[in-house]
Each structure stands twice: as structure tokens, then as C-alpha cells.
Amino acid sequence: MGSISAVTALARALLLDWLRSKTGIFFSILFPIMLMSILTLVFSDGDRFELYVQNLDVDGNGTPTRTSSILIDVLEANDALHVKHIAPDVDVYEYVKQSSKRTLVIPKGFDSAMMESSMEARMMVMLSTLDLFLEQSSIPLPDSARSSIISGREGLQRGLDALMTNDGDGTDARLLLVVDSSRDREYEHVHGMLVAILARVQQKAIDAPDMLDMDVIDTSSPLDVNHAGNANYYLPAVLAAFIMTNGVVGTSEIAADFKRRGMLKRLMSTPLSRLQWIVANMMTQTILALVLASMMIGIAVAVFNTSTPNLMSMAVLAIGALCFTGLGMLIAGVLKEPHAIAGASNALVFPMMFLSGTFWPVESMPEYMQSIAYIFPLTYFIDALNSSMYSSSMAGMLQATSVLVLLTGALVLVGSHVTRWRQE
Amino acid sequence: MEYAIEVRDLVKRYSGRNVVDGVSFSVRRGTVFALLGPNGAGKTTAIEILECLRTPTSGSAIVLGYSVGKSRRDEQEIKRRIGIMPQEFKALDKLTVRENMVLFSRLYDRHRDIDGLIREFGLEEHSNIRFERLSGGLRQRLGLALAVINDPEVIFLDEPTTGLDPASRRGVWDMIRAFKASGKTVVLTSHYMEEVEYLADEVAVMHRGRIVATGSPGEIAGRYGLGRRLVIHGCTRSKGLASLVREYGVVGDTLVLSMDDMGIGSIPISEIVDMAIRDGLEVQFRNPSLEDAFLRLVGRMDEEGRLINDG
Numbered sequence: 013m014g015s016i017s018a019v020t021a022l023a024r025a026l027l028l029d030w031l032r033s034k035t036g037i038f039f040s041i042l043f044p045i046m047l048m049s050i051l052t053l054v055f056s057d058g059d060r061f062e063l064y065v066q067n068l069d070v071d072g073n074g075t076p077t078r079t080s081s082i083l084i085d086v087l088e089a090n091d092a093l094h095v096k097h098i099a100p101d102v103d104v105y106e107y108v109k110q111s112s113k114r115t116l117v118i119p120k121g122f123d124s125a126m127m128e129s130s131m132e133a134r135m136m137v138m139l140s141t142l143d144l145f146l147e148q149s150s151i152p153l154p155d156s157a158r159s160s161i162i163s164g165r166e167g168l169q170r171g172l173d174a175l176m177t178n179d180g181d182g183t184d185a186r187l188l189l190v191v192d193s194s195r196d197r198e199y200e201h202v203h204g205m206l207v208a209i210l211a212r213v214q215q216k217a218i219d220a221p222d223m224l225d226m227d228v229i230d231t232s233s234p235l236d237v238n239h240a241g242n243a244n245y246y247l248p249a250v251l252a253a254f255i256m257t258n259g260v261v262g263t264s265e266i267a268a269d270f271k272r273r274g275m276l277k278r279l280m281s282t283p284l285s286r287l288q289w290i291v292a293n294m295m296t297q298t299i300l301a302l303v304l305a306s307m308m309i310g311i312a313v314a315v316f317n318t319s320t321p322n323l324m325s326m327a328v329l330a331i332g333a334l335c336f337t338g339l340g341m342l343i344a345g346v347l348k349e350p351h352a353i354a355g356a357s358n359a360l361v362f363p364m365m366f367l368s369g370t371f372w373p374v375e376s377m378p379e380y381m382q383s384i385a386y387i388f389p390l391t392y393f394i395d396a397l398n399s400s401m402y403s404s405s406m407a408g409m410l411q412a413t414s415v416l417v418l419l420t421g422a423l424v425l426v427g428s429h430v431t432r433w434r435q436e
Numbered sequence: 005m006e007y008a009i010e011v012r013d014l015v016k017r018y019s020g021r022n023v024v025d026g027v028s029f030s031v032r033r034g035t036v037f038a039l040l041g042p043n044g045a046g047k048t049t050a051i052e053i054l055e056c057l058r059t060p061t062s063g064s065a066i067v068l069g070y071s072v073g074k075s076r077r078d079e080q081e082i083k084r085r086i087g088i089m090p091q092e093f094k095a096l097d098k099l100t101v102r103e104n105m106v107l108f109s110r111l112y113d114r115h116r117d118i119d120g121l122i123r124e125f126g127l128e129e130h131s132n133i134r135f136e137r138l139s140g141g142l143r144q145r146l147g148l149a150l151a152v153i154n155d156p157e158v159i160f161l162d163e164p165t166t167g168l169d170p171a172s173r174r175g176v177w178d179m180i181r182a183f184k185a186s187g188k189t190v191v192l193t194s195h196y197m198e199e200v201e202y203l204a205d206e207v208a209v210m211h212r213g214r215i216v217a218t219g220s221p222g223e224i225a226g227r228y229g230l231g232r233r234l235v236i237h238g239c240t241r242s243k244g245l246a247s248l249v250r251e252y253g254v255v256g257d258t259l260v261l262s263m264d265d266m267g268i269g270s271i272p273i274s275e276i277v278d279m280a281i282r283d284g285l286e287v288q289f290r291n292p293s294l295e296d297a298f299l300r301l302v303g304r305m306d307e308e309g310r311l312i313n314d315g
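These protein sequences, in sequence, are chains A and B. Numbers 13 to 436, taken from the working numbering, label the letters of the first sequence in order. Numbers 5 to 315, taken from the working numbering, label the letters of the second sequence in order.
No wet-lab data here; the hints were simulated from the structure. Cβ atoms here follow ideal geometry from the backbone N, Cα and C, with glycine treated the same way. Don't take each hint at face value.
To be verified - Not close to chain A: a few residues of chain B, all C-beta gaps over 12 Å, as computed:
1. 92
2. 174
3. 177
Claimed, not checked - Here are the simulated distance ranges between beta carbons:
4. B:174 x A:429: 45 to 51 Å
5. B:251 x A:432: 50 to 56 Å
6. B:33 x A:39: 47 to 53 Å
7. B:185 x A:39: 47 to 53 Å
8. A:432 x B:174: 37 to 43 Å
So that you can see chain B by itself, here it is in the shape it has in the complex (with noise of 0.2 Å):
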């Protein structure tokens, strides 16, 4: 079997709006799959539907050979198989870390050694410590770890990192990669670009329910990154650059031209820098990124993952 998760025609409806519209993908066995996306996207929602938590209103989705939505059986089958994290995932209050394992260990028919998971997951130290004593990084190692206590054969990560200060963020991004290396199929949802251009093989870029653009991050950056640009953000303030905001258009305040002519139109790239500069706006130059490519589809989000200006 070449593909984990196979979904076709996914479709979840609620109160007439199709919060998942139509999605069709597949993630390759042994890869991570990322779904890229704003906050309201869609991306909770269509991975529950895969965690069997969610019944699609229409559509397919096989997960690991067996039907989501279909027979108790077939999903009781996907639970034993897979191991999630969800977003700001909890465990019990007042549980040590260690009772929080062994709790979850007993909800499966096999799982792995307790000890060994401790150690894999740096949590030696803070076994005995209650969970709701916990930083927010040890809370998301814990969360990791029993995503695995199962030896899930695909683990779904909603928003592992949302939160985390940077070196927390490192620290799971590590984990995540040693999954695949140990042959396990990750898919996880998020809206940090860095994080899914550094851990995912395959993204599925979501827009209000519907995936926009799939490829490898690469592959995405390429097709719709428009080579090396200049990007200048808060554009909407110059009355020097509102001919350009009116020729070209924004995302959001922000205006992101080709740099392949070394000018715009008729005007160098040195005096658009120039009035720029001295409206005192933010610029770049770019090489194509994931980013532009998700600015260029989707708008812009903020560090909360809402989309800003969004239409």
C-alpha cells in the first residue's frame, strides 16, 4: 500500500456552509503531509474527520486500508493504528506525567515501554510532576509522547507548536522528524510557514474549506512564488507608491513585485526602494518561499494564524 491516507471528494457541511469543500488528497506512507492554512481553514476539521472523530457529510477517506464513517469496526481499527496530538492538547490535571502515560498505555490493546518513552522524550526528569505543573513545552513533549504510546503507524500533529517559544518549537520540530525517520506517516496541520517548509515532504495549502495548491514546499514556492521579488509592506500608507498599488494590487497592506527586469514598468527598482525607504515602510527582496507563494494565494496572517484583510 504506497498511500496511509487516501481522501476523495471530502465534504463536512454545517448550519448550509461547507466547512471542508470538496478536499482530495493522499500522503505517501513514511512522509510528513502538512496542511497549511489560516485559522478557520478547514484543517481541524478534515483531520478529525481521518481521527474518525468527525462524520463526513460526503466524500471518501481511507485511512491505512479502512473507511472513516463507514463501520464501527473499520474505525476502531484506524484508532488502534494511529496516534494524535491535538490542538492545546490536555491531560489530566492532576495526573503526573507518568500516570498520564500509563492511563493512555492501558487504552490500547499493545503499547510501547513506558520508561523508554520517558527517556526518548527527555521527560526523566519531570515524570512525577502533575500535569497542570507543566510549561507549556513539556506539556506538548507529553502530548507527543502519547501520541505514540500506541507505536501508531500515522500520527496527526493539530497545531503542534502553536504557543511554544522558539526553542520548544525546535525541540518538537526534532521529534517530528524523527518520526519519519523511524518510518512513521505524519500529518499535521499548521500555519507556521518555517515550520512546514522545514518538516514537510508534501503541503495541501486550505482556503475557506478548499485546498488551493498541493505540491512539495519547493514545488508550491515555484509555481506561485513569482521568482525573486521586491515585497514592501505597509504600501497602502505611500502616496508615492499608489500608482504601483494601483497597477498591481495589494495582499493585505502589502505589495510583492517581480524583480525579473530590474524595474517596474517604466520606474527602476532603485527609486521604488528610495520612496519606500523614505515613507519609512518595510522591505525585502525574495527569493521565491513558501510564504509568498501561501501571501500570493491566500492573503496575509498574523502570528495567531488569523487571516488579515481577509475578504
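The shape of chain A in the complex, shown without the other chains (with noise of 0.2 Å):
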């Protein structure tokens, strides 16, 4: 009884001893509310990519051509992309030197080109078309009507052949995608993008049907997929990285300042455990997460419109919160001089923020870079929660959430046996 008085009455301290303090409460609350609005407004597009579009093929008022016109309808329709226009005036290779903005040109002519293509598209379809009934049709055919259709044949070469010599200038309307490669990160999806788009307009453009097609199967809940977006990808990222922030670079500062102004000596000559002040400090920070999850979540539901997370999210927070403060007390309770330990925690923040899928998906990293990503606590926790807030996996979400349970439980146990308990 008198062990958990103690460890709540530390635990309430510690609590109003934060939350009196103004510099606290901004840099553990209200800035990573601040970084997730940021986040969310400035990549509001940030799972699509943007596409500058320059149209040379208008006529004399300016009006896009027809085929250049349709091409551009099947870019802006295309989810993965985001369009965006530049005058006909504009130098685009300078543009692209100085702005990095990838950028598609429509040339001049490229409506008529795509004309004559897609006539000769359609008369070298015919004729292999012809010569595959020739060669393999089982059909018996009189031989008037084959004479006809090698006759009718001959005239279609003629026409092909005639076509394709005047064929000139060609060459010129092609389009051109102008990337600067060294610093477009993205070009290689982009480009990817292009071809499948280009292949599809080149289908349509010779009224070729659909011989092959792919249905997709989306397993989110109905929910989810109404209500899906760029905070949804945010908040849990967000809330875990600032949950492990505060867990241990927060938890580590306070028991560091602890230790540098004496305080902590005052409270290692009273009967207080070692155990009981590491549990003091993992309940504060608990309350503390919970706190500001709950202030991030509504504000991301009332101003971004994301789906509500549902109480099993909440228990997720908490054993994440208990994890990485069960972390941060190791790391100030094993290291002697307080500005070891800010070095410290800070140094295992920092990789594990950019590892972890805090700001881009684990599944775009390169594959040996995933495996290090699941060295650290934080992927777990940002899979337990995305588990827990937006997809219907239990699996997944008790699987993460059972290697922070076994996790948190190690590092009290370490802890315990390896803190500091008296002077040197």
C-alpha cells in the first residue's frame, strides 16, 4: 500500500511539476500538434505526384487540339497524379533547371501526328489481321473469295506504304518529358506512370477493346476508405513520433534535471525504490501521451475530417507511452552525467524517427532498410497503432502491440536491476 502511495504521490508531482511548466507544455503538446497540421496541409498531396504540363499543340485562339486535350482529361483523371499547367511561353528546360518540377511537353502538331499513327495503327492491324485469317483460318473459303481478300489485301499495303512515305516530319510532335534527374527523386515512378498512361491513350486512340484487365480489392472497411485521408496517414505517425520523443528524450531530461539539480539525491535518501521511481515516471508520461493524443485526434477528426480511432488505439498509446519512457529512464538511469544522457536519447531518437515510417511508409525503403527498421520499438508502434486506428488487421495490431509489451516489461526489468540508486 505505502509502495503505490508513494509511486502516485511522485506520479502526481512529477505530473504538476510539467504542466506548470509553459516550455514543457509547448514543445510536448502544442508543437506536435502544430507539426501534424503542418504536415497535413503542406502534403495534403502527398501521396500523389506532380506533373507540369506544357501544351505547344493549341491553334490560333489557344484551344488545345483534340488528342492533346483527351490526353490531358486521362492525366488529371489519374489518381497518382497531380497536374499542373505552365504557359506555352515558358523555357522549359531552364523551368526544370531551376525549379526541379518535372515537366511533360505537348509539342506543336501532335494532335495530326497522332492521327496519322493511329491510321497507320489501324491499317497494320487489318493487315496482320488478314494474314492470320489467310494462313490459319479452319473456315473452308471458295477461292473467288480468297482471291478477293488478297486482292483487297494489296490495296491496303499500297495505301500503308503511301501513307508511311509521307510520313516526314513525325519525329517532331513526340512528346517529351524534361525531368532533371540528379534531383527528382521521384522520377522513375513518374516515367513508369507515363508509359502505362501513354499505352492506354494509344489503345484508345485505335478503338482497341480491352483484352486484359485487373480488378482491385481494397481490404480497409468501408469506413475507412470513405473517410481515408492524408491525416490518417499523419496522426499515427505523428502521435507515435512524438510519443517516443517525449517517452525518451522527455522522460531522460526530467530525470537528467533530477539528477543536476540534486533533487534526485534528496529522493534516493528517502525509502523510494529505484522501481518505484522508474513506474513514477512511466505513469506521468503515460497520462501525459494519452493527453495529447486525445487533443491531436480531435483535432484531426474536427479540422482534417479523420476517421474516430476507436479505445483499443487508446490502449495501444498507453503501452507505447510505457514503452519508450521505460526506455528513456534506462537510458538516464545507466548514464551518470546528465548531458550524457540528453546525447544519448537523443542519439536513438533521431534514426529511429527517420526508420521507422514516421514520415514515408517502411514498404518504400529499400528492402535491408526495412530490416533495420523492425530493430526498432517505434515501427511496431506506428504498425500497432495504423492497426488499431484505421484497419480492421486484429492480427496485426496484437502482434506489434505484444513485441511492446514484451518490450516495456525488459526494460523495467532492466531498469530496476541497473539504475543508479546512490552516488558514485
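Join the two chains, each given in its own frame, into one complex according to the hints.
Structure, rendered in C-alpha cells:
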């Protein structure tokens, strides 16, 4: 009973001390809320690739030709692209050099070139079809019918030859993608997408039917799909990152400050045990984490229209907070010098932040980096939060949460044995 | 049990140097015991061993019948029964006086009534003020209140009046006397002679990790204080006193001469005093005192407890 009383009294005192610190509140609560809002707003098109388009294929009034118009419509209809237009008089090479904005140039004459190519393609398809029919058809044809087909095919061939002989300036009407690949890290993705889109446009241009198509099954619940927005991605990541930072850096800094100011020595002279000291700090940070999470979630739901997380995600948040506070307390307990504590906790936090899927999905990282990511508890925390907040994957959530629970237990166990509880 | 604390051959070694070097002393129950010495003498290290905050390298320390550094159970018992006020006491900055007292009271199985303590230490008007806004004197008062919050049998006070103005220092002295009057054993460290003379029943003078003298302040003064003396400060600046300095030596730049014969060798006292005054030096006539004994045993300290011209 006495033990619990000491822990709750210390946790309450730490909480009060923290709540009365304006800078503490700013950096621990208001700053993450601001960051989440900024990330969500700035990267509101974060999952789409920008593509600048300069259409030079316009008539005397500046109206785009029919084919260039169709191409732009198809590009704009693609969910993965965010198409922006630049004026015909802009020097594209200089523009890309200066701003690194990848730009697709639709050249003058694109429409007529496209029409010619379309005709050629259609005639080639017809010739090819006739050849196939004459060679492989199992239908017995009367000789007269066969002669007519051969004669028609010869006429078609002559027409195609004449068309191709007149096709002198086709190269000038080719589409042009201007990029600065040294600075454009998404160039390969965009190029791949454009190749696929152009193939599709080409197919449509010759009225070829779809022979191969693919259905997509989305495994997220209908509710999630309806409301999924950019904040849905950033909210769990930012929450996890700040709970981790508060847990590791915040807690270890509080412990270092207690050490620096002699308060820890004063506490060590009482019957308070190091386990009680560790647990009290973990309790405090967990309460703060839940307050922080509730505020961020509230703002995300109200302002950014994210879906409302369930109670399970609050439990995951609490477990994550306990885990990272435990890590912070271990660092503070093992290291002697207060400045070494700050250095060590920061050195741990930054790689975790960048390698654990806070700012970009782990799946988008190279394979060997993905293996490294799963060394860090933050990756499991983000996975568990994502699963609990926006996915119905109970198994995924339980798996990631179990890792956090086991790690928390280990950290408390080790911390309660190795924390320095006396002076040198 | 006659003694609250018994220390035998206590050693604490850091980087090959004995910070506490074979110290032995005993503290009777219900008395005020002072460790007197300059900064770096090893006073704080010695009492932090008794507070179970440091592990001794060798030797033994028994507090209230429990051994320091032997078992966790013994140390928990010691921590339950002692109260401490560390040097430069700090509490949680943003908590009020009362909140800090509530926190510390909950760290013990049993504790005194908070309101009673607030009244006893004159903190009624300040109980809702945050620690960060308290003056130095009020902080020390809170530190003392926290030191007795668990109604301890032994109270350790490390430099309890350092940095306080004279009025606040007097206030702290009164409280320490009140502790003794209520039957508590008090162990304090200090570099203030008058404080130790005023408060301590028993003194141990520490220098470079060792105890160089023990006894009551009167006993130490009588034993090492050389009777009535003429004390001349800054004597190394005087040409006239050069022969006396060469003959009797100085502690720092202070010349201490015994006045038993009303003369020093063949020179009458009046002549020595005239010479010193002519050279603008400070001259004092003194009865045996702890300060003189300290001067002879250890040397001269400045106000902050730093030894002057420490060889």
C-alpha cells in the first residue's frame, strides 16, 4: 500500500511540476499538434506525384487540339498524378533546371501526328488480321473469296506504304518529358506511370478493346475508405513519433534535471526504491501521452476529417508510451552525466524517427532498410497504431503490440536493476 | 543503545585518492555532532555514506544499529529512521511548499501532520507559494521541515546555513536547537566556527579526509588554542615583524603569538602591537577559541569555506 502511495504521490508531483512548465507544454503538446497540422496541410497531396504539362499543340485561338485535350484529361483523371499547367511561352529547360519540376511537353502537331499514327496502326492491325485469317483460318473459303481478300489486302498495303512515305515530320510531334533526374527522386515512378498511361491512350486512339484488365480489392473497411485522408497517414505517425520523443528524450531529460539539481539525491535518501521512481515517471508520461493523443485526435477529426479511432488505439498509445518512457528511464538510470543522457537519448531518437515510417512508409524503403526498421520499437508502435486506428487487422495490431509489451517488461526489469540509486 | 552512530576506520577512495581516509567517530543519542572542515575535507562524502547514498570502500558505519552498505534491508531501515537536508537543498520548483511536503510525506510509511509542520516552521503564509519563488531562508526552512517530516531519530544537515543572511542563519540555529531539545540526534557539517561553537556538543575537525581533532568545542579550543594570544593578520607585508614571522611561522598570512609571558622572547607585546599598527595590520587579542584551534590544526578559510594558502 505504502509503495503504491509513494508511486502515485511522485507521479502526481511530476505531473503537476510538468503542467506548470510553459515550455514543457509547448514542446510536448502544442508543437506536435502544430507539426501534424503542417504536415497534413503541406503534404495534402503527399501521395500524388506532381506533373507539369506544357501544351504547345493549340490552335490560333489558344484552344488545345482534340487529341492533346484527351491526353490531358486522361492524365488529370489519374489519382496518382497532380497535373499542373505551365504557359506555352515558358522555357521548359530553364524551368526544370531552376525548380526541378518535371514537365511533359505536348509538341505542336501532336494531334495530326497522332491521327496519322492512329491510321497507320489501324491499317497494320487490319493487314496483320488478314494475314492471320488467310494462313490459319479453319473455315474453307471459295477461291473467288480468297482472291478478293488477297486483292483487298494488296490495296491496303499500298495505302499504308503511301501513308508512311508521306510521314516526314513525325519525330517533331513526339511527347517530351523534361526532368532533372539528379534532383528528382520520383522521376522513375512518374516515368513508369506515364508509359502506362500513354499505352492506354494509344490503345484508345485505335479503338482497341480491353483484352487484359485488373480488378482491385481494397481490404480496408468501407468506413475507412470513405474518410481516408492525408491526416489518416500522418496522425498515427506523428502521434507515435512524439510519444516516442516525449518518452525517451522528455523522460530522460526530467531524470537528468533531477540529477543535476540534486533532487534525485534527495529522493534517494528516502525509502523510495528505484523501481518506484521508474514506475512513477512512466505513469506520468503515459498520462501525458494520452492527453496529447486525445488532443491531436480531436483536432484531426474536427479539422482534417479523419476517422475517429477506437478505444483499442488508446490502449496501444498507452502501451507505446510506457515502452518509450521505460527506454528513457533506462538511459537516464545507466548514464552518470546529465549531458550524456541528453546526447544518448537524442542519438537514439533521430534514427528511429527517420527509419521507422514516421514520415514515409517503411514499405517504400529499400529491403535492407526495412529489416533495420524492424529493429526499432517505433516501427512496431506505428504499425500497432495504424492497425488499431485505421485498419481492421486485429492480428497485425496484436503482433506489434505484443512486441511493445514484451519490450516494456524487459526495460522495466533491466532498469530496476541497473539504475544508479546511489552516488559514486 | 548509547550511540546513534558508530563509525570505524571509514575509507572512501576515488581515483586512487582517499577522500575519506580512515575516519572513526561516535555520536551519542540526543546530541548535536558537527563535522567541521574546509571545502573538500571529506565532510559531505562522510555523511552521505551514513545516509546510504554512497558505499564505503572499507571500514564500518552503523546507524541506529543498522549497517551501511551491507544489506538492502538494513539500508531501508536506516532511510526510514533518518531525515536529511542536503547541501544546497532543492525541491520541485513548480510545486508549492505544501505540495512538496505532501510529496515527501507520502514517501514514508509514517509521517508527521503537514499543517503542524507548516506552523512549526513558520511557513503558514508561504504554504501556497511555489518553491522557485521562495527566498533562500524560506527554502532552508522548508528543507528542515522536510528533514523531519518522517519524525526521524537522526537528522543529517549538510552545510545548513551556507549562503544565508545572518537573520536566517540565526533562525536555522534555533530550529536545530529545537531538534535537540525534542530528543533528536543531529549530525551537521559546517565550515562556520561560530555555528559549530553555538550548536555542537561534539566536534570532529576534518582535514584532507582525516579527523584531526575531536571533542567538545571548548575541549578542542583549550587543547589546540594555545591560551590567550595575539593574532596579527597580513603580517607577511610587515618588515618590522619579519624576524617574528621567521621564528614562529605563519598560518596563511596570520601570525599567532602566545601571550602567557606578556612578551615574545625579548620583545615586549606593546612594541609588537605598535609595529603592526604602524604597518596598518589588523591586530586582535583572543581567548582560546575553536577558530584559533582550527587555524592551527587546518589553516585559515574564507567565507565560502575555501582554505587560504592551502599547501
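Hints the structure fails to honour: 1
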